[in-house]
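J.: Protein chains in written order, with the numbering used here: chain P, 1 to 301; chain V, 302 to 646.
No lab work stands behind these hints: they were computed from the structure. The beta-carbon is built from N, C-alpha and C at its ideal position, and this holds for glycine as well. One or more of the hints may lead you astray.
[To be verified] Restraint-style ranges between C-beta atoms, simulated for each label pair:
#: 1; chain 1: V; residue 1: I336; chain 2: P; residue 2: P63; range: 23 to 31 Å
#: 2; chain 1: V; residue 1: D497; chain 2: P; residue 2: A156; range: 41 to 49 Å
#: 3; chain 1: P; residue 1: V11; chain 2: V; residue 2: E503; range: 40 to 48 Å
#: 4; chain 1: V; residue 1: K434; chain 2: P; residue 2: Y287; range: 51 to 59 Å
#: 5; chain 1: P; residue 1: T97; chain 2: V; residue 2: T474; range: 43 to 51 Å
#: 6; chain 1: P; residue 1: I160; chain 2: V; residue 2: R381; range: 53 to 61 Å
#: 7; chain 1: P; residue 1: L149; chain 2: V; residue 2: P578; range: 54 to 62 Å
#: 8; chain 1: V; residue 1: I500; chain 2: P; residue 2: F164; range: 34 to 42 Å
#: 9; chain 1: P; residue 1: I188; chain 2: V; residue 2: L510; range: 36 to 44 Å
#: 10; chain 1: V; residue 1: T474; chain 2: P; residue 2: F268; range: 36 to 44 Å
#: 11; chain 1: V; residue 1: V334; chain 2: P; residue 2: V161; range: 51 to 59 Å
#: 12; chain 1: V; residue 1: I336; chain 2: P; residue 2: L149; range: 49 to 57 Å
[Claimed, not checked] If you want the footprint, here are the derived chain V segments under chain P, 3+ residues with CB under 8 Å:
#: 13; segment: 412-419
#: 14; segment: 427-437
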Amino acid sequence: MLNEVLFFFEVLTDGLLAGTMYSLIALGFVLVYKASSTFNFAQGAMVFFAVLSFVGFMELGLPFVVAFVVTIFLMVLVGLLTEKLVLRPLVNQSEDTVLMATIGLGYILEGLAQATWGVEVRRLDLGIGDFPIEWIADNLKLFISPLDLAGGIVAAVMIIVLTFLFKYTKIGLGLRAIADDAGAASSIGIPLEHIMILVWSAAGVVALVAGCMWGARAGVQFALVGLALKALPVLIIGGFSSIPGAIIGGLMVGATEKILEVYIGPFFGGGIEGWAPYVMAVLFLLYRPEGLFGEKIIRRV
Amino acid sequence: MTYRKNDIRIFTILMVLAFFVVPNVVKSDYWYVAILIPWLCLSLAAIGQQIVMGYTGQLSLGAAGFMAAGAFACFNLVLRVPGIPFGVALTLSGLIAAMLGFLFGLPSLRVRGIYLMVATLASQFFIVWVIDKFDWFKNYDSSGIITAQSIVIMGKPFTSPVAMYLVVVVVVTFLTLIAMNMTRGSTGRNWMAVRDMDIAAESMGVSLLKTKLQAFAISAFYCGVAGALFAFTYLKSLEPAAFDISLSFKILFMVILGGLGTINGAFIGAGFILLFPVLLNTVGYNVFHGQIDATIISSIEQIVFGVLIIIFMIYEPQGMAKLWVTIKQKITLKFIASLKQKRKH
């Protein structure tokens, strides 16, 4: 009995830790959504693009820190170009139009990344091990690696920074105003372009961080784009415009899919992880369309 | 339903082209096997996507899932029901896909936009997973790739490329006509009313429940039939992996680039998405003589698709179908202007 309980907790921790990784990706989505009520489908591609460029720069011989900074500049450039070439011409277009344009943006980034750096899977060594910490394994019977812990800490730091940014700074106030009504916000003098560039650059940096965590675990490869798709159910469960929602959604999705996979998966030959989050999101949608922490959407004719 | 004289003329020309000119002029099997058959199959799937997305305005990313359902339904029907006519099997597999479409369309009653897209992703991943994991669907074949049965109609085998092409053309023509009729009739008007403003449509007495679910079911029917044809005439094999998420994205792009809310946009878009990589590969091979890696060419292909999508979203959200109409109008205007000039002289 005790062993079964322990095993359950082991599975649960495993799932929760995977969940923080999903949250990291989901945060990038939330950032853009909160600022422009645009759903940025390219976020997954940005994760892939950012981390592949980072690894690529290091392969060129740049030291770790320099490569990181150069990649940040690159992501700022991507944000700048996105605002100038994609978002600005689409101001006042319907949400669906912008969404489809971001799908196009995602394709461009995926193609650029692979054309520049090649398609082979790369290893990324952050200097943080991905093996269980002995002390925790001995005393709590849980297998947690330093990388898991780092992922959790990075996620926590990012939530705190982003929450602070949105709640207590002038930029954050401007962001929320733009998300509410871009026209009205710019008419009272909020610099739309600057704030958009800022947000997209920030989303790029978040993508880089998420990509580093994922890359260190699973290798830097194209599959990262598919993993990023899993951030979608996370967002639906948590609510698109909520930073804590992204975290809790991520944890819920991570935990549930692991538990289902371990306890129900064997009956069907596994692979439940592939669709469980989406079905979970659908069930959630039927019950609570705005997500756990999302604002209720009221639409008028 | 009324048809303009012009419609009937265009239809007659297309039919003569499809049934008499092409089979007599095109002799190379390559054209049938690699271009005409997949183009027509994918166009049919794109019509399905068009119905749910272009006409009813419901973002959906599950087309390939429904295609997989149709393909495997057809395989199992032909396998397990002795002597079933191919047409019946095809219709039934469409209906099975339609039932799934109905089921996975249910979330559309409560959510829209990106939320709905995620819900349809569930159908995509779930259907392919079910087929992959339950060996019954694959007749307990361990290799993972099953050969599709050959098409037999009225006791005659349709195995040559031309014969298969004719089967596909007949089905696609028939279903396209039905789709056009639906979009021009009250069914299509309801779809478009829901697309343009669902709350307004509802307050005018259009039942959202009926309209949306109908659109999802009919869309899935088209995708299902398309999937069955795709597997039986183009792939000639069945494997769940052929119907993955990237195919769904491709069909989405066909509809976006071709032009949302037009039936001919589905054909234009499918043709473009299918032919563009062929063109790029040919150019890449002839200009650079194989010095460029195939992976780089496919990356370039991706970049160009992305750029095109953004350009179309910005400048011509109505896609290539609208572009074609504009060009046609300009040419006609020029022609009329030149006639007037001549008369003056």
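J.: Does each hint fit the structure? Answer for all of them.
T.: Evaluated hints:
no.	hint	result
1	I336/V - P63/P: 23 to 31 Å	51 Å, violated
2	D497/V - A156/P: 41 to 49 Å	45 Å, holds
3	V11/P - E503/V: 40 to 48 Å	45 Å, holds
4	K434/V - Y287/P: 51 to 59 Å	27 Å, violated
5	T97/P - T474/V: 43 to 51 Å	32 Å, violated
6	I160/P - R381/V: 53 to 61 Å	59 Å, holds
7	L149/P - P578/V: 54 to 62 Å	45 Å, violated
8	I500/V - F164/P: 34 to 42 Å	38 Å, holds
9	I188/P - L510/V: 36 to 44 Å	42 Å, holds
10	T474/V - F268/P: 36 to 44 Å	41 Å, holds
11	V334/V - V161/P: 51 to 59 Å	56 Å, holds
12	I336/V - L149/P: 49 to 57 Å	55 Å, holds
13	412-419	holds (count 6)
14	427-437	holds (count 5)
When the structure is compared with the earlier hints, violations turn up for hints 1, 4, 5, 7 and for no others.
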